[in-house]
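Listed here are the chains, written in short residue letters.
There are 2 protein chains.
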Amino acid sequence: MRILILGADGYLGWPTTMDLAAKGHDVVAVDNYLRRTIAEDTDSEALYKTPNLIERGKIFEEVSGHKVDVEIGDLSDADFCLGLFEKYKPDAVVHYAEQPSAPYSMRGFSEAQMTLNNNLNVTFNVIWGAIQHAPECHIIKLGTMGEYGTPNIDIEEGWLEIEHKGRKDKFLFPRAAGSLYHTTKVLDTDMMWFYVRTYGLRMTDLMQGPVYGLESTEIDMDERLRTMFNYDDIFGTAVNRFLVQAVAGIPLTVYGKGGQTRGYLNLKDTLQCISLAADSPADKGELRIMNQFTEQFSVNELAERVKEAGDSLGLNVQVKSIPNPRKEMEDHYYNAAHSGLLELGLEPNFMTKEVLVDMLKLIIEHKDDISHDRIMPRVKWK
Amino acid sequence: MRILILGADGYLGWPTTMDLAAKGHDVVAVDNYLRRTIAEDTDSEALYKTPNLIERGKIFEEVSGHKVDVEIGDLSDADFCLGLFEKYKPDAVVHYAEQPSAPYSMRGFSEAQMTLNNNLNVTFNVIWGAIQHAPECHIIKLGTMGEYGTPNIDIEEGWLEIEHKGRKDKFLFPRAAGSLYHTTKVLDTDMMWFYVRTYGLRMTDLMQGPVYGLESTEIDMDERLRTMFNYDDIFGTAVNRFLVQAVAGIPLTVYGKGGQTRGYLNLKDTLQCISLAADSPADKGELRIMNQFTEQFSVNELAERVKEAGDSLGLNVQVKSIPNPRKEMEDHYYNAAHSGLLELGLEPNFMTKEVLVDMLKLIIEHKDDISHDRIMPRVKWK
Numbered sequence: 001m002r003i004l005i006l007g008a009d010g011y012l013g014w015p016t017t018m019d020l021a022a023k024g025h026d027v028v029a030v031d032n033y034l035r036r037t038i039a040e041d042t043d044s045e046a047l048y049k050t051p052n053l054i055e056r057g058k059i060f061e062e063v064s065g066h067k068v069d070v071e072i073g074d075l076s077d078a079d080f081c082l083g084l085f086e087k088y089k090p091d092a093v094v095h096y097a098e099q100p101s102a103p104y105s106m107r108g109f110s111e112a113q114m115t116l117n118n119n120l121n122v123t124f125n126v127i128w129g130a131i132q133h134a135p136e137c138h139i140i141k142l143g144t145m146g147e148y149g150t151p152n153i154d155i156e157e158g159w160l161e162i163e164h165k166g167r168k169d170k171f172l173f174p175r176a177a178g179s180l181y182h183t184t185k186v187l188d189t190d191m192m193w194f195y196v197r198t199y200g201l202r203m204t205d206l207m208q209g210p211v212y213g214l215e216s217t218e219i220d221m222d223e224r225l226r227t228m229f230n231y232d233d234i235f236g237t238a239v240n241r242f243l244v245q246a247v248a249g250i251p252l253t254v255y256g257k258g259g260q261t262r263g264y265l266n267l268k269d270t271l272q273c274i275s276l277a278a279d280s281p282a283d284k285g286e287l288r289i290m291n292q293f294t295e296q297f298s299v300n301e302l303a304e305r306v307k308e309a310g311d312s313l314g315l316n317v318q319v320k321s322i323p324n325p326r327k328e329m330e331d332h333y334y335n336a337a338h339s340g341l342l343e344l345g346l347e348p349n350f351m352t353k354e355v356l357v358d359m360l361k362l363i364i365e366h367k368d369d370i371s372h373d374r375i376m377p378r379v380k381w382k
Numbered sequence: 001m002r003i004l005i006l007g008a009d010g011y012l013g014w015p016t017t018m019d020l021a022a023k024g025h026d027v028v029a030v031d032n033y034l035r036r037t038i039a040e041d042t043d044s045e046a047l048y049k050t051p052n053l054i055e056r057g058k059i060f061e062e063v064s065g066h067k068v069d070v071e072i073g074d075l076s077d078a079d080f081c082l083g084l085f086e087k088y089k090p091d092a093v094v095h096y097a098e099q100p101s102a103p104y105s106m107r108g109f110s111e112a113q114m115t116l117n118n119n120l121n122v123t124f125n126v127i128w129g130a131i132q133h134a135p136e137c138h139i140i141k142l143g144t145m146g147e148y149g150t151p152n153i154d155i156e157e158g159w160l161e162i163e164h165k166g167r168k169d170k171f172l173f174p175r176a177a178g179s180l181y182h183t184t185k186v187l188d189t190d191m192m193w194f195y196v197r198t199y200g201l202r203m204t205d206l207m208q209g210p211v212y213g214l215e216s217t218e219i220d221m222d223e224r225l226r227t228m229f230n231y232d233d234i235f236g237t238a239v240n241r242f243l244v245q246a247v248a249g250i251p252l253t254v255y256g257k258g259g260q261t262r263g264y265l266n267l268k269d270t271l272q273c274i275s276l277a278a279d280s281p282a283d284k285g286e287l288r289i290m291n292q293f294t295e296q297f298s299v300n301e302l303a304e305r306v307k308e309a310g311d312s313l314g315l316n317v318q319v320k321s322i323p324n325p326r327k328e329m330e331d332h333y334y335n336a337a338h339s340g341l342l343e344l345g346l347e348p349n350f351m352t353k354e355v356l357v358d359m360l361k362l363i364i365e366h367k368d369d370i371s372h373d374r375i376m377p378r379v380k381w382k
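Protein sequences, first through last, are from chains P and X. Quick note on this note's numbering: the first sequence kicks off at 1 and runs consecutively. Quick note on this note's numbering: the second sequence kicks off at 1 and runs consecutively.
There could be a bad hint or two in this list.
Chain copies aren't distinguished; within one or between two, either way the pair holds.
[To be verified] In silico lysine-lysine, BS3-like type, Cα no more than 25 angstroms apart, as pairs:
#1 K382 to K87
#2 K327 to K168
#3 K327 to K170
#4 K23 to K58
No lab work stands behind these hints, which were simulated from the structure alone.
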């Protein structure tokens, strides 16, 4: 099928582009380098350089024989985005094209304004691209487990049947996110649900947990096909920060008490999930929501895992709590369902010591390039 | 106290401006005439002309002795909106400043795009105006009962305690609105709740039902102080459309089965509600939500009430069902709580025959100005 990958230059977008092209799909990769631009603006560049999307497409074709069409442009610009739908009439769209950093969205007025307008308008334009030019198109949208926040009840997969005063109905599971970035994904979900039920669109909304990992079948073919690795406070996840701190000889900085629990996912499993979702499209008028992670643990457990992997390489890893720059619960109930993707056929790759050791080895190769200034939190929630 | 009225030129904005000024508040009235512009663009102008906001301010001062400051500008422009907060450091803000038409928001891509961007950005700018220049300011935001849609459970006032698998938590009451306009208010609520709990703002979100009525203490002082009356398919409510149809000798057009049930409110009660909310501000970090209506009934019952009032004036009113241009349930459960404002002191003015007869008499004065082209639905939901 013909698939548009929106945000194809990103950490997940690029491996997804290669994975779907290698599976024989007719892939169009779209990006405007927003993430690279913000990284430069905020001194938050990745650990090693990666070729631009046009170069990546050429290298991938040279290495694999699979051609990828590349379109560079701003999807929050309606003419560009709707024009792509008109030109390509896609069977499916994978929508990663959002400003993805929570700290950036909390940095100040203009960053928050950009995040809100960019993310909502891209999603809005994608919806209208489908309405106007590809009504049967299956839109696969990346949401985040962060949409739910940390409720005191079990988190279900997107929806919740509620019984109230003897009557019942089914609703979107209540959402209360911890940053403006995460909140824009809540707004996306609300807006998507309105348009899906009103115009009979097909949509899958994947509530993804933090993703880690640097390997995939295609990445492993050539060093030039690697995906970006951010360890800074703007784009880096806790996993990446801890791994880099382990290599740099800096204590792993747990924010506050470290009881913050989330569901995690291997990059290889993101690729499986997207491909499985594409192969089994949502029905017309269905907003299918699945929670996309394979195992859940706290930041303290994560630090312990990184310490164990690091120590096995002789790194002598220390762990230290620092004041939490975010406003979030540090000790809370967390139990989230995630059976939908397993039922579609997902075979999980867990966060084993071997996986972390492989990541550490790659980081050690670039040890001299680690910028210590990028690791500690530079954005506070208040 | 100093109060900014945003959207002060509108059907509710102008009577609110006069009411709060007459109560001795230091009122700043802000508008950019968006509604008048859309009305001109869509051949949906009000039944009679009203002076512009600057003229209205002068007439009101001349008639009542109360001065109102007027600022004309676009609140979706951050410089203008944040500049007002910096200049006036308001104690309270009444935020009506949104594109308020459901049919307009469903007309096509560009109208939907404008509605989304205008409404979200005004609310966003108001939030940031408070964060940066008036953190103690009480923001009174007009939401809509339409945010909830028509769930099969009782509608509570904004929040719902949910018990799930033996655990409990309190969440925003689930929302599922029937138009993009109504959906932007859902997004507003989600965004406001994020910023309230993160920055400790004070906010009241009033889920208002359709408002009817053309009288208030200040309007009654001088004909030139009247508020606008729209009966067209873009800005007119079902109440106004029925009243005009009764006068014009056109059967009242019930959309579909007419079982659509909503909570209604007299204009005088909107004024009471806003004033009561302003006198009892929300706490810091509180998003206080109240359902703002006084009685609920179906469209069929509404048509019967208008018919009864019209017949008493000898109008011989007919009622007719036409195909529903909207996508909505026409026969549904509806039971919404609305005790919060009664507890604050609201004394309801119900939709009596006398109220409808008074409105009919005013419309009869302008019978020759009724444009039949504006009454029937020109926008369909699909």
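(request) Kindly indicate which numbered hints from before are broken by the structure, ordering the numbers from low to high. (result) Of the numbered hints given earlier, the structure breaks none, since each of them holds.
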